[in-house]
Amino acid sequence: MANTKEVRKQISSIKSTQKITSAMEMVAASKMKKTQDLMLVGRPYSTKIQEVITHIATSNSEHSHPFYEERKVKKACFIVVSTDKGLCGGLNINLFKAIIAKAADLKSQNIDSVFGLVGLKAAAFFESVGGDVISSADKLGDKPNPEDLIGFTKVILDQHKNGDIDQVFLCSNRFLNTMTQQPTITPLVPLPKVDDEKLVTTHWDYIYEPEASSLLDGLLTRYVEALIYQAVVENNACEQAAKMIAMKNATENAGDLIKELELLYNNVRQAAITQELSEIVGGAAAV
Amino acid sequence: MGLIKVSVVSSNEEIFSGEAKMVYATGTLGELGIAPGHTPLLTGLAPGPVRLETEKEELTFFCSGGFIEVQPNEVTFLSDTAERADSLDEAEAIKAKEQAEKTLADRDSELDFTKAAAQLAEAAARIKTIQKLRKNK
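Protein chains in written order, with this note's numbering: chain A, 1 to 287; chain B, 1001 to 1137.
Some clues are possibly wrong.
[Unchecked claim] Pairs of lysine-lysine residues, derived as DSS-like cross-links and limited to a Cα-Cα distance of at most 25 Å, are as follows:
| no. | chain 1 | residue 1 | chain 2 | residue 2 |
| --- | --- | --- | --- | --- |
| 1 | A | Lys48 | B | Lys1135 |
| 2 | B | Lys1005 | B | Lys1056 |
| 3 | B | Lys1005 | A | Lys48 |
Just so you know, the hints here were simulated from the structure itself, not pulled from any lab data. Since this is a predicted model, take the numbers as computed values, not measurements.
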């Protein structure tokens, strides 16, 4: 049987781990509030730009843009939004699993996949799996700057424009609530068609100032950037929520473990006392 | 005269959402006045003030570049960053302008030059907004 010193050492080491996990839980809880706020303030912009893009799609524009063109897909790009740090449960790995499944599905249709990665975790994962990475961005922090993503996005969109890739997916976690984060893969480019008949049948077009092509190009690029930025911010909120839950579970498990070990410690101590007593009694009887 | 729905949004906040009688803004090709029933228009937004005449008051915002979408009953400003003109600090803006001018004076690379020119345009637009506000008061 284990001796009391060993058990005591184990208990104290678990206790200090528990302190760390409970501190991390509290940090994540306070950060979650901030990241959630950031996610909410970004929403009006993305909803508005989405509305404008829908208007453009329904206008009978004589100008078309590469982002609306549906080409035969030979190569697809996945933009993977992950976290920089671990200890957030299955958040990243669930997303990666969904992507790998989707990529395998495309592979069976003879479509190759390349990846654009946000976050260190995605970089580490796709390095070990061996994906073809065309663009990456990391260490964006809790308050990501939209400007930090411009270069990242440009690399991918340029490759789309010159025909290297034909389709772009945005993969990130959706924040449903604190308990649930949903890994999602949404098609980004080509932009989805609008099927609202009422809107399409009325014939109208914009006046463009200056010319349409450069204006549309700027606006659509901004749109893609906005969606990616929103995904990054939302993923941050997911990270903190998942981390909070993971750390809460860890703290609880540590508590259970400590309880069990304390029981064991008491047993061991009692056994030692009993043994000592019986030794004394035995010794006395022998004299 | 009717009203037109106006929303001014930037990537990190919603600046204004409501109705106005008249909207004035600076597009990339010049100043615009937008009244209700305007024909659909899509244009770039130059750094500068956006002025709204609502039923009760007149509001001014500073926008630094972006896009304007006009529908007959709705105007949307998609600004890169927009802030309330009242919160602008003129001294800060002038400092930024001076800095931009200094960079412009000792330019060494083409890249820095274009960046400084953009900064200068933005600083000038900020100062314009503030001065316009002062005059109106």
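Hint by hint, here is what the structure shows:
1. A:Lys48 to B:Lys1135: Judged against 25 Å, a Cα distance of about 33 Å means the pair is violated.
2. B:Lys1005 to B:Lys1056: holds (15 Å)
3. B:Lys1005 to A:Lys48: Holds, at roughly 13 Å.
Hint 1 from the list above is the single one not met by this structure.
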